[in-house]
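*Asks:* So you can see what is in the structure, the chains are spelled out below.
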Amino acid sequence: MTKINFRWAITHALDEELARDDKVFLVGQDVGESGGVFGLTRGLYEKYGGWRVKDTPISEEGITGLAVGAGMIGHRPVVEIMYMDFISLAIEQLANQAAKTFYVSGGKIKVPMVVRTLAGGGFKAGIHHSQSLESWFTHIPGLKVVYPSTPYDVKGLLKSSIRDDNPVVFIEHKGLFSLKGEVPDEEYTIPLGKADIKREGSDVTIISYGKSVHQSLEAAEALAEEGICAEVIDLRTLVPLDKETILKSVEKTNRAMVVYEATKESGFGAEVSSIISEELIYDLDAPVRRIAGAFTPIPLGDAEDAHFPTVEEIIKVAKEMCY
Amino acid sequence: MTKINFRWAITHALDEELARDDKVFLVGQDVGESGGVFGLTRGLYEKYGGWRVKDTPISEEGITGLAVGAGMIGHRPVVEIMYMDFISLAIEQLANQAAKTFYVSGGKIKVPMVVRTLAGGGFKAGIHHSQSLESWFTHIPGLKVVYPSTPYDVKGLLKSSIRDDNPVVFIEHKGLFSLKGEVPDEEYTIPLGKADIKREGSDVTIISYGKSVHQSLEAAEALAEEGICAEVIDLRTLVPLDKETILKSVEKTNRAMVVYEATKESGFGAEVSSIISEELIYDLDAPVRRIAGAFTPIPLGDAEDAHFPTVEEIIKVAKEMCY
Amino acid sequence: MDMKEFKLNYYEKLYLARHFEDELMKLFADNKVVGWIHSNKGHEVIGVSLALAMKSHDYIVPHHRDRPAYLAKGLSAKSLLAEIMGKTTGCCGGIGGELHIMDVETRIYGPTGVLGSNLPIALGIAYANKLAGNDHVVVCNFGEGGSNRGSFHEVLNMAALWSLPIVFVCENNKFVEFTPMQKHMNIEDVARRASGYDIEGIIADAFNPMETYETFKYAIEKARRGDGPTLVEAKTYRLDGHYEGDPMKYRDEEEKKYWLERDPIIGFKASLLNESIANESELESLEASVHQVLKEAVEFALKSEPLKVSDTFKNVYA
Amino acid sequence: MDMKEFKLNYYEKLYLARHFEDELMKLFADNKVVGWIHSNKGHEVIGVSLALAMKSHDYIVPHHRDRPAYLAKGLSAKSLLAEIMGKTTGCCGGIGGELHIMDVETRIYGPTGVLGSNLPIALGIAYANKLAGNDHVVVCNFGEGGSNRGSFHEVLNMAALWSLPIVFVCENNKFVEFTPMQKHMNIEDVARRASGYDIEGIIADAFNPMETYETFKYAIEKARRGDGPTLVEAKTYRLDGHYEGDPMKYRDEEEKKYWLERDPIIGFKASLLNESIANESELESLEASVHQVLKEAVEFALKSEPLKVSDTFKNVYA
Ligand SMILES: Cc1ncc(C[n+]2csc(CCOP(=O)(O)OP(=O)(O)O)c2C)c(N)n1
Ligand SMILES: Cc1ncc(C[n+]2csc(CCOP(=O)(O)OP(=O)(O)O)c2C)c(N)n1
Ligand SMILES: [Mg+2]
Ligand SMILES: [Mg+2]
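Chains as they are written, first to last, in the UniProt record's numbering: chain A, 1 to 323; chain B, 1 to 323; chain C, 1 to 318; chain D, 1 to 318.
This is chain A alone, in the form it adopts within the complex (with noise of 0.2 Å):
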């Protein structure tokens, strides 16, 4: 075990995978030469050379789909999308194309390709550079989203992503950049569709996802001094969902709070939320809540803070369920 950073781990993970085959390639606005806008393919073009991690023009759309092809045919592209924010640019060719190749080729064409991309807040740059999107994706029959919280995590779960057979949606929080932890010296993946209980408990389930997983671990640290003792559930994929874990967490603790950064409205959340009631309600004793983004874009520097949930919020909510 080595503690690195986030933002490293995804680097060891494109580099190890690009190192074991070929096919893997990719592509992205500064992702060459220069090493990323955010470092995270340092090092990488100058081992594997201009055509496997390329330097593209700014065309969202066009690169998207240059994946889609160069899947179709048995390539294993990874493109960057520089903010989340700009997947609006991507998103016909990830919804209506790649999503949608292998069921309407009748299961002969399959789509392997990754769309990494860099959600949320902590940069405080305002409305076009800090959302987290996921809920348009996870909307999608075909794709699949990943959305890791950890170093440790998102190595495996890029990995397991570039291997995968389908579109992915891998989405990295740059809140988690310099975040350090465990990451094994040895090769490993993280299958997608696992979650993973990042802390233990039987009072209140806490199901949440990529940054807001590390205030829900603190909520839970503050909680158990209080006395209750939360369960923190990280999905890590968003799609497949494990609603197995999920379920029998909620069995065990009959409370249940999904916590993202993501608008409340329509987010991830209420998937969740809405399998929890469905699956669950005799056994829920307060009803499921959300703690998320708050329904307006998303304003320029430290006021973005009130806008996404909040460690205090998550620790009130949890009391109120509680008592």
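Among the hints, erroneous ones may be present.
Each computed DSSO-like pair below joins lysine-lysine, with the alpha-carbon atoms no more than 30 Å apart [as the list claims (entries may be wrong)]:
{"no.": "1", "chain 1": "A", "residue 1": "124", "chain 2": "B", "residue 2": "159"}
{"no.": "2", "chain 1": "B", "residue 1": "124", "chain 2": "A", "residue 2": "108"}
{"no.": "3", "chain 1": "D", "residue 1": "130", "chain 2": "B", "residue 2": "110"}
{"no.": "4", "chain 1": "C", "residue 1": "303", "chain 2": "C", "residue 2": "7"}
{"no.": "5", "chain 1": "B", "residue 1": "159", "chain 2": "B", "residue 2": "243"}
{"no.": "6", "chain 1": "B", "residue 1": "108", "chain 2": "B", "residue 2": "194"}
{"no.": "7", "chain 1": "B", "residue 1": "108", "chain 2": "D", "residue 2": "32"}
{"no.": "8", "chain 1": "B", "residue 1": "316", "chain 2": "A", "residue 2": "243"}
{"no.": "9", "chain 1": "A", "residue 1": "174", "chain 2": "D", "residue 2": "26"}
Pair by pair, the computed Cβ-Cβ distance ranges are [said to hold, decoys possible]:
{"no.": "10", "chain 1": "A", "residue 1": "305", "chain 2": "D", "residue 2": "288", "range": "39 to 45 Å"}
{"no.": "11", "chain 1": "B", "residue 1": "47", "chain 2": "D", "residue 2": "244", "range": "41 to 47 Å"}
{"no.": "12", "chain 1": "C", "residue 1": "308", "chain 2": "B", "residue 2": "251", "range": "43 to 49 Å"}
{"no.": "13", "chain 1": "C", "residue 1": "195", "chain 2": "D", "residue 2": "251", "range": "40 to 46 Å"}
{"no.": "14", "chain 1": "B", "residue 1": "222", "chain 2": "C", "residue 2": "31", "range": "38 to 44 Å"}
{"no.": "15", "chain 1": "A", "residue 1": "320", "chain 2": "B", "residue 2": "194", "range": "29 to 35 Å"}
{"no.": "16", "chain 1": "B", "residue 1": "188", "chain 2": "A", "residue 2": "178", "range": "56 to 62 Å"}
To list a few chain B residues with every Cβ distance to chain D over 10 Å, as calculated [stated by the list, open to error]:
{"no.": "17", "residue": "2"}
{"no.": "18", "residue": "37"}
{"no.": "19", "residue": "107"}
{"no.": "20", "residue": "142"}
{"no.": "21", "residue": "152"}
Please keep in mind that the hints were generated in silico from the structure rather than gathered at the bench. Glycine is no exception: its CB is placed at the ideal position from the N, C-alpha and C atoms.
Chain A is fixed; fit chains B, C and D with the ligands onto it per the hints.
*Replies:* Chains B, C and D with the ligands in isolation, oriented as in the chain A frame:
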């Protein structure tokens, strides 16, 4: 009152608004001389001329942005996106530009505009001509989302949408075009944000919108014969959502289901279901159920029916809930 | 292949394309087709020329009027017709229908319901081939209407920048649904846009079979040599409506007459006879064999199993 | 306005733009700025020339390096600086910051965080003006990098097709973030792409103030007359990094030196003196007044109230 079909109700609404306010204009592929691929703009080109009823190239992103710009300086553009499947090409302008301009200008620049788009099955034309993607937009603060079900509603709501000072995604279900209904001879509008109880009942609340409203009503008829009295709420506007009408009804019936044609997972029904469970869990005699589109792309031909909610399914679930 | 063989082969493929369309329209009128059909009468020379100029390992990423290319490239009439009729024996098992023909064997890729969205896919296939270091060429087709989507610009720029092995084929048939192309752009020639990417733009008369063939051959071999992309604009005319059922009120009948008189299928046949490349009886037997193929295809498709509803819940994920 | 007055006015605006940037960088270093800043050193001539060639009722739909245009068009340094510092006295109340400057009064429209997305918005403003039958012109700016987004193609096509009153300004500064423009396109001149839309494409040397001014003046008046759009490519050089903090490892120092030596602000001043349009003391007093404006702006912005968090929950809907 005159009986007209849904299709004509749209045309009349456009005609009346074009006549009323010279800031209103239409843009879209084939909306002009040819009268529209579905005949929805028939006669308007002749009446208002080629600048106010503008045929455009195949440039969905461009024409949606055209509306954003024109809206910003006080015009009231109405764009047609021929199939909602193609709205992926327009979502950048809707979600990042139109939706956020009023906010980021500090409340100084409004963006009145309507994007009309044709959603849903009925044409049996497969993966790229059948989707209903409203939940992409209900997730974006700053947009309004309207999804009417009758000639009366579509006319009144379209007129209100055109007069609204915000960007509105206005969804017309293709399966409703030939539906006939009463429409007043005199001018009227229907406020956005008000649901309509299409049938009163006491045993279970069926919440729906668009074409699914009619299936819900049909199911309610059948259920009545078996002694189950269903209340059918037509949301009409998804954003802003008329929570009050929903909650009042469910308080009365203690049972709720949401019926919608879009993919169930992360669809708008998840939001409605979550709200009901959050607010009224102690009143519920059964979990809120969602009856919605299958988690698949939409296949060609009659097979599509099996991927959408059916009257039988609604009846079956209602019975499960009530017994 | 000598010239005679080549030309007869060419004529057979032209004839097949045209008569496939006739059969399809009959089946459509008989309600045997699922969804729409978009006639490609007037486009045959493009598809046939392309297929003959391509190698079997070359890829095509088509648009919605490219049945002539599918057939000429080797997709069987049976498989194609069955797909359009929603039968399990179709190339995609009947789930996609007319708009979404794909076939790994004959290297037809990219579902085409959203205009312009096939261009980035074609770019990706070309990129992957370049990366793999092989000599496979990608042909990507679209209409003059669809070429106004932004994807055209992004893709031509990248293809040119990286000198990818790809040929862009604009099938300019003068109409975009129910409006003339003049309502969509203020230029006559889409080929003119090539210069903005510093690539070659060439116009071919798609009512002239050999000219069109030579043009494609040139562009494809250029791409194969590593000399980068070409934009070929094939000038044609949509002889039928946008889709079956289109009343075509917008059509100038004089114009249609002008084009009908130049119908390349009739003209090419005449040239074969005039230039004594073939005699009547040779052509008749060739035509008869095409009709036999089509007859078998129709029978095959009619008696094939329709897509089972239960199968439409499969293949969401690989 | 006589020539002297015009040139002094021009110089004042250039000088203001450059020194505004210096003040901004100091404030940034002092942590007084919210979010990023993208220096526009090297772009000043473009913004100033545009603003002087425009009428006050003309619109600008800018990109992220257009502060010189804002200031020259009349947005006060106070309002602009306060906005960038997230203060309530900023033109948008401090909620947008550097990337999203808009102002109804001076007709600056379109939030610009997503490159290329401002072009369709500019098209719409021009369309509405044409519809209204007035003579207002829209100027739309973007970088050579952003011009590879599909929106460029869709918008230029429609603007040309409908002969809209709009001027497209490509500010070609040779860099796209951390890569040279040669990694983004295989042409030298974006202006060359105009021909694909049958509109005029003109190159202006944006280190030459009067040439740039005359070029914009020509294109804007042409649009005003109803003679349709022009694509002007203003050739410049990004003297600073992509954003403050960029270490610029990719930069060729010789190249930078070459451009710095031609710095138009210094050169223009020299020409004013050489051509005896103004004397040293006139220019000094003009410069002093600019510094006074900036000093007041800095004080104003510093002491202004920061955006209240509670206000960031407002204005979601009109
Ligand atoms: C993005 C998109 N917009 C609109 C349509 C609807 N549509 C289908 S075919 C067609 C006309 C296409 O014209 P062109 O590209 O010239 O091809 P043609 O049909 O003439 O062969 C249109 C507008 C579509 N399929 N995709
Ligand atoms: C659609 C989109 N893709 C990527 C970015 C990130 N980005 C911001 S500035 C920039 C470079 C822009 O280059 P250019 O258009 O030449 O303008 P310049 O910064 O050189 O003035 C990039 C890639 C963005 N803002 N929007
Ligand atoms: Mg056409
Ligand atoms: Mg640049």
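*Asks:* Against the earlier hints, flag every one the structure doesn't satisfy and list their numbers going up.
*Replies:* Numbers 1, 4, 11, 13, 14, 19 and 20, in rising order.
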